[in-house]
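Undergrad: Here is what each chain is made of, one letter per residue.
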Amino acid sequence: MKYVILIYGNPESRAIWDTLSAEERARGLRDYERLNEDLADSGELVVTEALADHAQTKRLVVRDGQRTTTDGPFAEAKELLAGFYLVDCENVERAVEIAWRVPEAQLGLVEVRPVMTLDDFLP
Amino acid sequence: MTGPLEPLLRDLAPRVLAILVRHHGDFAACEDAVQEALLAAATQWPEQGVPDNPKAWLVTVASRRRVEAWRQDTARTRREHTAFTLTPPDPDPVPGVDDTLTLFRLCCHPALTPPSQVALTLRAVGGLTTAEIARAFLVPEATIAQRISRAKQRVKGATFTPSGDLDAVRHVLYLIFTEGHTASSGDRLHRVDLTAEAIRLTRLLPHDGETDGLLALMLLTDARRPARTTPDGALVPLTDQDRTLWNADAIAEGTALVHHALSTHPVGPYQLQAAIAAVHAEAPTAADTDWPQVLTLYDLLHAIAPGPMVTLNRIVAQAMVDGPDPALKALDQAEHDPALKAHHRLHAVRAHLLDLAGRHDEARPHYARAATLTRSLPERRYLHSRA
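If you read the protein sequences in the order shown, they are chains A and B.
The opening position of the first sequence corresponds to residue 1 in the UniProt record's numbering, with each subsequent residue numbered one higher.
The opening position of the second sequence corresponds to residue 1 in the UniProt record's numbering, with each subsequent residue numbered one higher.
Treat the hints as calculated values from the structure; they're not laboratory data.
Every residue gets a Cβ at the ideal spot worked out from N, C-alpha and C, and that includes glycine.
Hints should not be assumed to be uniformly reliable.
Mimicking DSSO-like on lysine-lysine, the simulated pairs with C-alpha atoms at most 30 Å apart in a straight line are [unchecked claim]: (1) A:K78 to A:K58; (2) B:K156 to B:K55; (3) B:K55 to A:K2; (4) B:K341 to B:K329; (5) A:K2 to A:K58; (6) A:K2 to B:K341.
Listing some non-contacts, in silico: residues in chain A with all C-beta distances to chain B over 12 Å [what the hints assert, rightly or not]: (7) W17; (8) D41; (9) A50; (10) T68; (11) D88; (12) E90; (13) R94; (14) P114.
Sample of chain B residues facing chain A (criterion: CB under 10 Å; computed from the structure) [stated by the list, open to error]: (15) N53; (16) T60; (17) R64; (18) V139; (19) I144; (20) S149; (21) H259.
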């Protein structure tokens, strides 16, 4: 079963991060490193990436056949996607157990969502 | 492994590996040795001909490699002290089926998680490469490689026990089959056919009632494959499938297997599921389905192996026998079960029953709700089309 773990930050959590000491930041990053190592070791990690700052976002829309791109930063966003994990684990309980270890759960928000499959269904 | 020797080598690999592990222990080291022996065979046999006893050849070469590796390892710490006491085993008196079975049991060891059991079984018994397994499960090769190496570490100290039941092995094969039994997905050309592999591996198990039941279930389910999707990839529900497209040979074999199993062995869940598939297979059209028999089989299945899917499918069969209203009442009852309450198919079944009762307007929101809750893309498309 594949699950995506979405990691959100917000302006408040960003502000808290900025006030942290170098040591506290290093500890947060170590938590990520350890989580990555454990997931690679257990064979549950498919991919994980941290996303560049939200200000670097480009938004694309097509309306009436007309393409428009808008460059960030976008002022209105409250929860900003900061990174994600794609894990392949036994069940949703295990995915949630992994997600609890994401440090952002303490400052921002972490979501677990199942990945859509192409599974057949029996009649 | 490719070329004309591949089927022979893939058939022999698990048996050779099992013999080696039994003699020498250390699964990982033995697997390396067997890989080297297979490589030697793949290069030497096409030139020099296949030996009279290919298994004995492989066991001898692999054992030699294993001993050499062991000597090299040991030399570092203990010089060549006792290396000479290790001699290649005599491969001849070893019966093949038992060894394959022991290897199956080791790969499906209870200390391993199901994904690891699946990966190790496909690797060690199925002889698939790590890359092939990774493609089949649409995950990176590194993920599967890690899963396999970790699994090998875990079973390192495990001893070979000839006893124990086969339930775990059958469950792993069933998982492999269901993973393979997916609708059209991505790059089919490069996806290993997991259903075929699951069927091939199930045939390696010694025959008993439940193994035959599982094999029959796989054959009868796989037989519908040509009719399951439209050319554009949409899913066709069982009732709408063109049954002339079903694979008649697979149905004949599956039906014979399950009839034989049910008449000679104690009844089990795989046999019952296969029997239900056989009843569907025997009906020339959906309207000819012997629903009372399907209902009886689901009653039995509910008694020995209850579960949310069994409950729901039983209710669908009940609707076909007694009409939608008693079935809707049964569904109201079943809804109190916490295992069912969260089940996404609950809404799909309610929608289906309301449809049958002619209450189409009431059915629609339930189809929509079920579409939201399913994780399956083809199912979602289908449910949306009904909503």
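Undergrad: Taking the hints in turn, state whether each one holds.
TA: Against the structure, the hints come out as follows:
1. A:K78 to A:K58: Holds, at about 17 Å.
2. B:K156 to B:K55: At roughly 24 Å apart (the allowed maximum being 30 Å), K55 (chain B) and K156 (chain B) satisfy the hint.
3. B:K55 to A:K2: Distance ~40 Å between K55 (chain B) and K2 (chain A) Cα, so the pair is violated.
4. B:K341 to B:K329: Holds: K341 (chain B) and K329 (chain B) sit about 15 Å apart, inside 30 Å.
5. A:K2 to A:K58: holds (28 Å)
6. A:K2 to B:K341: holds (23 Å)
7. W17: holds (30 Å)
8. D41: The claim breaks: D41 (chain A) does not keep its Cβ more than 12 Å from every Cβ of chain B (closest is about 7 Å).
9. A50: At about 18 Å from chain B, A50 (chain A) clears the 12 Å cut-off, so the statement holds.
10. T68: holds (29 Å)
11. D88: The claim is violated: D88 (chain A) sits with its nearest Cβ about 5 Å from chain B, within 12 Å.
12. E90: violated (6 Å)
13. R94: violated (9 Å)
14. P114: violated (5 Å)
15. N53: Where the cut-off is 10 Å and the nearest Cβ of chain A is about 37 Å from N53 (chain B), the hint is violated.
16. T60: Result: violated, 34 Å to nearest chain A Cβ.
17. R64: violated (32 Å)
18. V139: holds (5 Å)
19. I144: Nearest chain A Cβ about 7 Å off; hint holds.
20. S149: holds (8 Å)
21. H259: violated (22 Å)
The structure shown violates the earlier hints numbered 3, 8, 11, 12, 13, 14, 15, 16, 17 and 21.
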